[in-house]
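Visitor: Fit chain E to the known structure of chain P by using the hints.
Respectively, the protein sequence lines represent chains P and E.
Counting along the first sequence from 1, when you hit position 202 you're at 202 in our numbering, and nothing is skipped either side.
Counting along the second sequence from 1, when you hit position 75 you're at 75 in our numbering, and nothing is skipped either side.
Mixed in with the good hints there might be a few duds.
Some but not every residue of chain E turned toward chain P, in silico, with C-beta under 7 Å [claimed, not checked]: (1) A23; (2) Y24; (3) I27; (4) W35; (5) M36; (6) Y39; (7) S60; (8) S61; (9) P62; (10) I63; (11) P87.
These are computed hints drawn from the structure, not numbers from a lab.
Quick caveat, the model's predicted, so the values are computed rather than measured.
Cβ coordinates follow ideal geometry from the N, Cα and C atoms, glycine included.
One-letter residues, chain by chain:
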Amino acid sequence: MAEKILMKGNEAIAYGAIRCGCDGYFGYPITPQSEVMETLMVEKPWETTGMVVLQAESETSSINMLYGGACTGKKVMTSSSSPGISLMCEGLTYLAGAELPCLVVNVMRGGPGLGTIQPSQSDYFQCVKGGGHGDYHMIILAPASAQDMYDFVDEAFNLAFKYRNPAMILSDGVIGQMMEKVEMRPMKPRRTTEELLAECGSWALTGKTPDRKRNLITSLALEPHIMEAHNQKLQAKYREIEANEVRYSTYKAEDAEHLIVAYGSVYRICESVVDMAREKGIKVGILRPITLYPYPEKELDALVPQMKSILTVEMSAGQMVEDVRRIANGRVPVNFYGRFGGSIPSPEEILEALENYIK
Amino acid sequence: MKEEIIIAGFGGQGVLSMGKIIAYSGIMQDMEVTWMPSYGPEMRGGTANVTVIVSENKISSPILSKCDTAIILNQQSMDKFENMVKPGGLLIYDPNGITRHPERKDINICSIEAAEESAIMGNTKAFNMIVFGAFLKKKPILTMENVIKGIKKSIPERHHHLIPMNEQAIMVGMEKVKDIQTIQ
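Chain P extracted, bound-state conformation (with noise of 0.2 Å):
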């Protein structure tokens, strides 16, 4: 069995990036994220799989960087913290429409404006909503654990390039600051140029050989009738992300009564309500969406007749619970508990939230 390495989440993104086969990384620092360019820069990448580390002058130079690397084909990321993000947010319309496969990292802190460096979850709808302008997606990831953070950077690669799309993992402070064991899995060699081309030569900018017509990449379309036919492939882009990519967990949810809906650190949190609430008795069960888009919309909707109730809880003041109101669309009653600016709610509380919606 691989060794177990005890790390902290953000150091797990670093590994996870270079043992994936990482080409580059864009980044400018802020807490609570700094560790994953500091643990790239002591790795030093450069010297061994040849990935490209560099600290750009602010995050919306680094995420311009990311645009060009994408271009080419390359899997590039960046990571930041929730006000890096804002800053990035035209950077990424910029990629969704020009369809480049790429990784964000957002470790969540709490807002708005400069806000606080502690945890956070209410970029919700900054990030799976939208956040820069236009009808666009990113394929969103949210970790529960350091090994998650690990993990998901390949698997945020691999969907990225499957459908030429943004992906994002978002995190948030408890996630990125929390050491827990991490298992380093095997190492994933860079891909070669011919992997690359055959993988990307359709529409990257690889230079034109006298074979192929020249690749085009931008967002720009004046002509209407062409830009509604580049959103309707979107669209139907959108529609096949949602159809095969929906990843969630349940946890004690088959006899369930109540259920709970948590992603990130707080489901983590919430595991530990459903074992407190199970001891008095109280039948309640947890269904985590592991990817925030595209949300478990069907698996959620098929819980929701078992249950008396459903409780959302959040980093935030309600921003998921609007998604789950919708997909429970007034069959059971959906209440919300949330803590936010960055404090983190503790196990009890959310028991005694529970006890006071159910009673």
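Guide: This is chain E only, laid out in the frame that chain P set:
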């Protein structure tokens, strides 16, 4: 077996690294572990704390509102964490610099003069391992063999010559820990 520990004190006392050594020793003993540091404004104000959970089973919440053991190394931390110890739990503290001693009647309380003992050893860096020794004496959840392996994993190789000093400091802590209050 599951042990939930909060370690709290000043930055520079080795609070975070003691937590890391406990966590790595737990891994060496084939247990599940989480290590959650304070990294927020309190850290920037000079105090540091870390929550470490060592368990034979999968760990759900890494966030605690109650703990089995609180290791307290300054007055601010005493004020903040004394009430977080579960009834019947353990509070270990270094009386050096403590103006208000613990007042709970429903918990076990021990003291370890780690600042003084590290001065006697002539090595103030031994402080956190003396405290760790006091903890291990009262809660022998980790074998010494796994603790040494955990230390090896936690510190860079260039510092491995300091492992015997760390081991000695742990022994001092085990020997010098004092029971202040023992409840049934």
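Visitor: Against chain P, with CB atoms and a cut of 7 Å, does the hint on E/A23 hold up?
Guide: Status holds, d = 6 Å.
Visitor: Hint check: is the beta carbon of E/P62 less than 7 Å from a beta carbon of chain P?
Guide: holds (5 Å)
Visitor: Any CB of chain P closer than 7 Å to the CB of E/Y39?
Guide: holds (5 Å)
Visitor: Identify whether the interface hint at E/S61 stands, where standing means a beta carbon of chain P within less than 7 Å of its own.
Guide: holds (4 Å)
Visitor: Does the closest beta carbon of chain P sit nearer than 7 Å to the beta carbon of E/I63?
Guide: With Cβ-Cβ at 5 Å, under 7 Å, it holds.
Visitor: Going by Cβ atoms only, is E/S60 closer than 7 Å to chain P?
Guide: Holds, about 3 Å.
Visitor: Please verify that hint: E/P87, Cβ, nearest Cβ of chain P, below 7 Å or not.
Guide: Hint violated; E/P87 Cβ to chain P Cβ min 14 Å, cut 7 Å.
Visitor: Would you check whether E/M36 satisfies its interface hint, that is, whether its CB is within less than 7 Å of any CB in chain P?
Guide: Hint on E/M36: holds, closest Cβ of chain P at ~5 Å, below 7 Å.
Visitor: Please verify that hint: E/W35, Cβ, nearest Cβ of chain P, below 7 Å or not.
Guide: holds (4 Å)
Visitor: Can the hint on E/Y24 be confirmed by a CB-to-CB distance to chain P that is less than 7 Å?
Guide: holds (5 Å)
Visitor: When the nearest CB of chain P is found for E/I27, is that gap smaller than 7 Å?
Guide: holds (5 Å)
Of the numbered hints given earlier, the model fails hint 11 alone.
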